[in-house]
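Student: For the protein sequence lines, the chains are A and B, in the order given.
Here the first sequence stands for residues 50 to 835, numbered as in my numbering.
Here the second sequence stands for residues 2 to 140, numbered as in my numbering.
Calculated from the structure, these hints are not laboratory results.
Treat the hints with care, since some could be wrong.
What the hints assert, rightly or not - Computed far set for chain B versus chain A, every beta-carbon distance over 12 Å:
#	residue
1	VAL5
2	ILE6
3	ARG8
4	PHE13
5	CYS54
6	THR58
7	PRO67
8	ALA79
9	GLY104
10	VAL105
Stated by the list, open to error - Residues from chain A that face chain B, not an exhaustive set, calculated with beta carbons under 8 Å:
#	residue
11	PHE693
12	ILE708
13	ILE800
Stated by the list, open to error - Pairs of lysine to any residue residues, derived as SDA-like cross-links and limited to a Cα-Cα distance of at most 25 Å, are as follows:
#	chain 1	residue 1	chain 2	residue 2
14	A	LYS775	B	ALA53
15	A	LYS154	A	PRO437
16	A	LYS775	B	PRO100
17	A	LYS775	B	LEU96
18	A	LYS775	B	ILE6
19	A	LYS775	B	LEU114
20	A	LYS775	B	ILE23
21	A	LYS775	B	ARG89
By construction, the Cβ of each residue, glycine as well, lies at the ideal position given by its N, Cα and C atoms.
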Amino acid sequence: MDVAALTFLALALPFVGALVAPLLTRLLGHKAAWVLALFPAAIVLHFTRFWPEVAKGEVVTGGYAWIPSFNVSFSWLIDGLSLTFALLIAGIGTLIVLYSGGYLKGHPQQGRFFSFILMFMGSMLGLVVSDSFLMLFVFWELTSITSFLLIGFDHSREAARRAALQALVVTGGGGLVLLAGLLIIWNVSGVTQLSLLMAFGTEMRESPFYLAALLLVLGGAFTKSAQFPFHFWLPNAMEAPTPVSAYLHSATMVKAGVYLLMRLNPVFGGTPEWQILLPLFGGATLVIGAALACRQTDLKLMLAYTTMASLGLLVMLTGLGAPHAIEAAALYLVAHSLFKGALFMVAGIIDHETGARDVTRLGGLRSAMPLTFVIALAAAFSMGGLFPFFGFIAKEEIYYALSGFDRRSMVFAALAIFGNALMFAVAFAVALKPFVGAKVETPKAAHEAPVLLWLGPALLAAKGLSTALLSGLTHELVSTPMASAISGEPRAVAISVVPHVGMPLAMSIATALIGIVFYLKLDRLRDFIATILADIGWGPDRGFDQFIRGLVRFSGALTRRLQSGRLDVYMTVTFILVAFVLLLVPLIYGELPRAPFFAPDVPLHELAIMAIAVIGLLAVVLAPDRLTAIVSLGIQGFAVAVIFLLYGAPDLAFTQFMIETLSVVVLALVMTRLRLSPSDHRPLAQKVPDFAIALACGVGFSLMLLKATGVPFDATLTEFFNLYSKSIAHGANVVNVIIVDFRGTDTLGEIAVLMVTGLAILSLVRLRAGSLRRIADNDPDAEERA
Amino acid sequence: MKSVIFRAVAPFLASLMVLFSIFVLLRGHNEPGGGFIGGLIAVSALAIYGIACGVETVRRAIYFHPMAIAGAGLFASAVAGLISIAARVPFMTGLWIYPSVLGVEIPLSTVMLFDCGVYLVVVGAISSVALSLEERGGE
Numbered sequence: 050m051d052v053a054a055l056t057f058l059a060l061a062l063p064f065v066g067a068l069v070a071p072l073l074t075r076l077l078g079h080k081a082a083w084v085l086a087l088f089p090a091a092i093v094l095h096f097t098r099f100w101p102e103v104a105k106g107e108v109v110t111g112g113y114a115w116i117p118s119f120n121v122s123f124s125w126l127i128d129g130l131s132l133t134f135a136l137l138i139a140g141i142g143t144l145i146v147l148y149s150g151g152y153l154k155g156h157p158q159q160g161r162f163f164s165f166i167l168m169f170m171g172s173m174l175g176l177v178v179s180d181s182f183l184m185l186f187v188f189w190e191l192t193s194i195t196s197f198l199l200i201g202f203d204h205s206r207e208a209a210r211r212a213a214l215q216a217l218v219v220t221g222g223g224g225l226v227l228l229a230g231l232l233i234i235w236n237v238s239g240v241t242q243l244s245l246l247m248a249f250g251t252e253m254r255e256s257p258f259y260l261a262a263l264l265l266v267l268g269g270a271f272t273k274s275a276q277f278p279f280h281f282w283l284p285n286a287m288e289a290p291t292p293v294s295a296y297l298h299s300a301t302m303v304k305a306g307v308y309l310l311m312r313l314n315p316v317f318g319g320t321p322e323w324q325i326l327l328p329l330f331g332g333a334t335l336v337i338g339a340a341l342a343c344r345q346t347d348l349k350l351m352l353a354y355t356t357m358a359s360l361g362l363l364v365m366l367t368g369l370g371a372p373h374a375i376e377a378a379a380l381y382l383v384a385h386s387l388f389k390g391a392l393f394m395v396a397g398i399i400d401h402e403t404g405a406r407d408v409t410r411l412g413g414l415r416s417a418m419p420l421t422f423v424i425a426l427a428a429a430f431s432m433g434g435l436f437p438f439f440g441f442i443a444k445e446e447i448y449y450a451l452s453g454f455d456r457r458s459m460v461f462a463a464l465a466i467f468g469n470a471l472m473f474a475v476a477f478a479v480a481l482k483p484f485v486g487a488k489v490e491t492p493k494a495a496h497e498a499p500v501l502l503w504l505g506p507a508l509l510a511a512k513g514l515s516t517a518l519l520s521g522l523t524h525e526l527v528s529t530p531m532a533s534a535i536s537g538e539p540r541a542v543a544i545s546v547v548p549h550v551g552m553p554l555a556m557s558i559a560t561a562l563i564g565i566v567f568y569l570k571l572d573r574l575r576d577f578i579a580t581i582l583a584d585i586g587w588g589p590d591r592g593f594d595q596f597i598r599g600l601v602r603f604s605g606a607l608t609r610r611l612q613s614g615r616l617d618v619y620m621t622v623t624f625i626l627v628a629f630v631l632l633l634v635p636l637i638y639g640e641l642p643r644a645p646f647f648a649p650d651v652p653l654h655e656l657a658i659m660a661i662a663v664i665g666l667l668a669v670v671l672a673p674d675r676l677t678a679i680v681s682l683g684i685q686g687f688a689v690a691v692i693f694l695l696y697g698a699p700d701l702a703f704t705q706f707m708i709e710t711l712s713v714v715v716l717a718l719v720m721t722r723l724r725l726s727p728s729d730h731r732p733l734a735q736k737v738p739d740f741a742i743a744l745a746c747g748v749g750f751s752l753m754l755l756k757a758t759g760v761p762f763d764a765t766l767t768e769f770f771n772l773y774s775k776s777i778a779h780g781a782n783v784v785n786v787i788i789v790d791f792r793g794t795d796t797l798g799e800i801a802v803l804m805v806t807g808l809a810i811l812s813l814v815r816l817r818a819g820s821l822r823r824i825a826d827n828d829p830d831a832e833e834r835a
Numbered sequence: 002m003k004s005v006i007f008r009a010v011a012p013f014l015a016s017l018m019v020l021f022s023i024f025v026l027l028r029g030h031n032e033p034g035g036g037f038i039g040g041l042i043a044v045s046a047l048a049i050y051g052i053a054c055g056v057e058t059v060r061r062a063i064y065f066h067p068m069a070i071a072g073a074g075l076f077a078s079a080v081a082g083l084i085s086i087a088a089r090v091p092f093m094t095g096l097w098i099y100p101s102v103l104g105v106e107i108p109l110s111t112v113m114l115f116d117c118g119v120y121l122v123v124v125g126a127i128s129s130v131a132l133s134l135e136e137r138g139g140e
């Protein structure tokens, strides 16, 4: 098979895995993880084949036409940026699948979990390799939907359901904003593919719509990547099982926003707006996230807030515009994926093996879990930016980018040092504190984790070391192509793990020293931040609840206002509107028909039939009770059917006969079923306006028909149908051929509507009196009180 | 309904009407008729049968739930459209074959399958409403 077909297969593979996962798990139990891990492993293997080309700076594109008439394709773009992301997603995904095998061992819905996580992987993979805008958007929303499933996996708990819904609303809403942004980009540039967009940087930046497009794209990216003030869904997403947190936070989901910013950097970047908005929001997110992380005692929540801080740092670096900032962002992104994935899995191991994950209730696990301790320390060293791990290289590059002496650099350098010091403290609070000190009693007797659990974090931690030691190879395959792709021009990353004496090293040492101080004073720091938060007393998380509640209330009030639940009100409003449209529009535009033309020689039998129709109508109006009125309505209908017949429309007449018969039957049944009183008891004060509305509608329809028949008849269609009915569609009955062949798709839609209408009527007929009352009382406020 | 004559005649009348409705359905391509009209005739047959002999009798006689009939019809119509795609022509293009059975050439087409689907949807959807109304209305 050629590369394109294989790549398509690789993109589809996770979804195939998701399909077979439940069955495999039923057969093999938790050991299915070993088989299912082969799916992402195969993807890794496939994508490594692009390494030689991408390392040379080439861009591989491919794909298939999707909707050619709209110039939409299913196409991918593989360069340094997307290749690194794809390898991280599939690589860490492999480890996550193994880890979930151990973590959810014996869980009754483990198969479903595998299925969800593989679907999520597929969506994320599709997102980062997408070339076409539409594909990017579809996969973007797919990650929102699948992460909704993952976060709400433990659906019997309300907190999990709320967190899932919150994540879906925030990130899914962001996705819609992104779509608007992409549409603007498409309108300005005229291309629908990212690879082609790169050539339109100048047009984009000089367009009057630049700011609008930028803000919309940022709206998508910031919600996905949990930038302040949209960060609140991220810590709440910790309701998910730990493998999900480890995956969402390390390589996927939250990185999607950063990916988008990096991808669009060559097009959007470099402008004052870009260089103000990104560092501003990124810097704020960095500091707030790091501070909030110190406030927490739950291992997972501490890590979650540091993720937020790291994302802030990445956004800040992407928008900074200083030399080496892009390189630093690329390095830090890879480093963060490795150490954060490992640390989350370590937190999960501690939770799994001891039954506790509150840092104040853990201690002395060193002797019970030596292997986990080593893994945790290795990851924490990388997160703290200590020699000789990959985090150190990343941090050196960050400080190198920030070591200018202008005011802007100094401000952001201070932010970075402060945030990194806090993250340093949190890293060791997670990875060191539970293991040292006096032994604390835990709900479960602590013991070492099984191989499925420690394998993933161990490999990630080892990777954090090996990538640093073999920095030359790492830069050649990953960092240099990635930095070049982000900046849109060739960049070379050359930094090695050997410390150089200079400004960056001094800043690193300062970070570590401040971090140690924070670590030692963590309890006081936590109380201090808690006091500040208590003083503020309001956060976006609360705001989200208020927003949703307000929305529900507003729609409830609006619905109650518009939907009174009284059929006669609906009918009155509908027909008044119809009368207005029919009468007012011709009056305004002066399109009233000319006086009707009466043929002088109407045959007697036709006159008689018309007379019958009129008599039928009079009978309806004058009928003493409702049943008589219904039957009289039939008289008029039959008369019209006969007229159709006389004018050579047997099909129409035939149908009209049947419809009239059935409507008389059904109306009579409805009347007995609803137990209406036999006669009409409306007071005169209501009868007169009703009569006026009926008259207006009747006059309006008559005028419209007169006008329509007055317009010269265009026989093109008639001729077409007459000509081709027999020759193309093999049918002599033109009416039928039109219905089932020429306009068959219309008919398909109509019968679908007929069926749905039937279902709706059926359920209405079957409603019991009790359920009717419940619908009438549907009131969000009452529901809230209950 | 109490009338003995009506109750005695209704089953025959209804069966004749159903037969006629199928005739109308099949001849529809060349003469006045078709799935929609045929379906309406069949519904009237069922309604008459229901009024005369009770809804339970009708439900037993048609065996399937009316909505299931309508669903099958919608499915058949959709399949009739999709067959064209399998044959690599645009959706809903009519395809014809002329197999000969016992020496008689019978034209069959996706269009006919489509029309049968229309017939079934009309029969199912309207009769399910009519029957459920009769069920309680006749008390």
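Student: Look at each hint and say if it fits the structure.
Tutor: Hint by hint, here is what the structure shows:
| no. | hint | in the structure |
| --- | --- | --- |
| 1 | VAL5 | holds, 21 Å |
| 2 | ILE6 | holds, 19 Å |
| 3 | ARG8 | holds, 17 Å |
| 4 | PHE13 | holds, 19 Å |
| 5 | CYS54 | holds, 15 Å |
| 6 | THR58 | holds, 17 Å |
| 7 | PRO67 | violated, 8 Å |
| 8 | ALA79 | violated, 7 Å |
| 9 | GLY104 | holds, 21 Å |
| 10 | VAL105 | holds, 17 Å |
| 11 | PHE693 | violated, 11 Å |
| 12 | ILE708 | holds, 7 Å |
| 13 | ILE800 | holds, 4 Å |
| 14 | A:LYS775 <-> B:ALA53 | violated, 43 Å |
| 15 | A:LYS154 <-> A:PRO437 | violated, 35 Å |
| 16 | A:LYS775 <-> B:PRO100 | holds, 20 Å |
| 17 | A:LYS775 <-> B:LEU96 | holds, 14 Å |
| 18 | A:LYS775 <-> B:ILE6 | violated, 46 Å |
| 19 | A:LYS775 <-> B:LEU114 | holds, 18 Å |
| 20 | A:LYS775 <-> B:ILE23 | holds, 22 Å |
| 21 | A:LYS775 <-> B:ARG89 | holds, 23 Å |
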